Amino acid sequence: MTETLPTGFLEVRAWVLSRNPGLDSVGQDEDLIAARLVDSLTFVELVYVIEGASGVEIDFDTIDIEDFRTLGAIEKAFFGHATP
Amino acid sequence: MDAVSYTAQWTAAARAVETEREDGWLIRDELARELAAPRGFDLLDKYGGGGLLPYIAIRTRFFDDTVTDVLGTGEISQVVLIAAGMDARVFRLPWPDSAVVYEVDHGPLLAEKRARLARLGAAPKAKRVEVAADLAGDWVPALVDAGFDRDRPTLWVAEGLLFFLSEEQATGLLRTLAAASARKSGLAVDMVNRTLLRSPISRGFLDALAEDGTPWLFGTDEPEAFLAGTGWQSTQVAEPGQQGAGEGRWPYPVQPRERRGASRSWLVRAELR
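Going down the list, the sequences are from chains W and Y.
All residue numbers for the first sequence refer to the UniProt record's numbering, where the first residue is 1 and numbers rise by one.
All residue numbers for the second sequence refer to the UniProt record's numbering, where the first residue is 1 and numbers rise by one.
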C-alpha cells in the first residue's frame, strides 16, 4: 500500500516519535493518550505542532479530546482526510 | 485512615522512588518507603505519568531549599507544616538548634505516623510538636495551645494541599495564616493552574482522584494576584524546570507564561504583606 500523507501531518507523527525516544513507529490507530505517548504536559506542544503544521487554529476551550486520540483522528480533524 | 491520608501515602511513595534513584536524586527521604504503606505505591502507579513523579521530587526539593534558606537567615525559627501528612523534614533536614516545627494534621494520621516513626527508631533533628486538628474548622487555637507563638515570625509550609481545597477554602486558609503571622513571616506553597484542572487530557488523572475521594478543585492562572488577595506577597514563583525548581530534571520544556493551554504548577515563596 502506498500512503500519500500530507507533509504537515508527517511533522505531527515525527513530533510524537521525537517525544518518545525508543519508539520506532506509531500506528494510525494507536491510542496516544492511553499509551502515554502524549500526556497532560506534552499535550500543549502537540496542539501547537498541529496548529503550526496544519494552519488550523485550535481553541483550547472547545477542544474535543477525541480529535487528538490517535494519529488517524488528528489527520482527519486537522489535515482534511483520513488515510484509507 | 481517611481518603486524604492516602494522599500522604502516595506522595511519600514518590519521595521513596526519588530517594532510591541510583543517581541524580534531588532529595533523600530514607523514611518515605515505610511511611508510604500500605497503599502509597499502588496509588502512585494508578495516578502516575504526566510528570507526577518528577514534579513531587522537584517540589520536595524546592520546599526543602526554602526551609533551609529561610531558617538560615536566623530571622525565623518557628515552622508550621500545614497538613503535614507523612512529611519527614524534621527527621532529614539540618535544623538550627532554635527551630521548632509544628506538624498540623488529623489526629489519626499523626498517631499512625508516630507509631511508624517509633518502630523505625527515627530521631527528630529539631523540636517537633504534633498538632491534631481539623483544617476545615478553627484550628489555630489548637496550634497556639501546642505552644505556637503568634508574636514570633513563622514559616508556613503548605505543600501539596491547596488543589484539594475549593477556591473559597484556599483563600480562607491563606488569610488565616496571614492573620496568625507576626511581621517577617513567610509562606511556602504550591498550586496548579486552571488549565491543568480543565484539560481533557488530565481527565483520567483527575477522575481517579475524585473517585478516591480526593478531587482536585482549586487552581489559579495568576498565582501572584491570588496570593496578594490573601495577604501574601510572592517573592518567587517558579514552574518546574525553571532555575531553582528542578532545572535539568524536568522532562518537559517550560512553556512561556503567555502561552495558553499549558498545564502548569506554581512553586511559590511569599512574605507577609
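Everything labelled a hint here was simulated from the structure, so no lab data went into it.
Small disclaimer: the values here were computed from a predicted structure and weren't measured.
Do not take every clue at face value.
What the hints assert, rightly or not - Subject to a maximum C-alpha distance of 20 Å in a straight line, what follows is the list of computed SDA-like cross-link-like pairs (lysine to any residue):
1. K76(W) / E11(W)
2. K46(Y) / R36(W)
3. K76(W) / T4(W)
4. K184(Y) / R150(Y)
5. K46(Y) / E11(W)
6. K76(W) / E57(W)
7. K76(W) / P21(W)
8. K127(Y) / T73(Y)
9. K184(Y) / K125(Y)
10. K127(Y) / K46(Y)
11. K184(Y) / D212(Y)
12. K46(Y) / I33(W)
13. K46(Y) / D31(W)
14. K125(Y) / P141(Y)
15. K46(Y) / G52(W)
16. K76(W) / G52(W)
17. K127(Y) / D138(Y)
18. K46(Y) / E57(W)
Hints, one by one, checked against the model:
1. K76(W) / E11(W): 15 Å, holds
2. K46(Y) / R36(W): Holds - the C-alpha atoms of R36(W) and K46(Y) are around 13 Å apart, at most 20 Å.
3. K76(W) / T4(W): 14 Å, holds
4. K184(Y) / R150(Y): 12 Å, holds
5. K46(Y) / E11(W): Answer violated: K46(Y) to E11(W) is near 32 Å, above 20 Å.
6. K76(W) / E57(W): 15 Å, holds
7. K76(W) / P21(W): 26 Å, violated
8. K127(Y) / T73(Y): 19 Å, holds
9. K184(Y) / K125(Y): 24 Å, violated
10. K127(Y) / K46(Y): Answer violated: K127(Y) to K46(Y) is near 36 Å, above 20 Å.
11. K184(Y) / D212(Y): It is violated: about 39 Å lies between the C-alpha atoms, which goes past 20 Å.
12. K46(Y) / I33(W): Given that 20 Å is the threshold and the Cα spacing comes to 15 Å, the pair holds.
13. K46(Y) / D31(W): Between K46(Y) and D31(W) the Cα gap is close to 18 Å, so the pair holds against 20 Å.
14. K125(Y) / P141(Y): Cα-Cα ~26 Å, so violated.
15. K46(Y) / G52(W): Since the Cα atoms of K46(Y) and G52(W) sit roughly 34 Å apart, the hinted pair is violated (cutoff 20 Å).
16. K76(W) / G52(W): Within the cut-off at roughly 16 Å; holds.
17. K127(Y) / D138(Y): 24 Å, violated
18. K46(Y) / E57(W): 34 Å, violated
Taken one by one, the earlier hints fail for this structure at numbers 5, 7, 9, 10, 11, 14, 15, 17 and 18, listed in ascending order.
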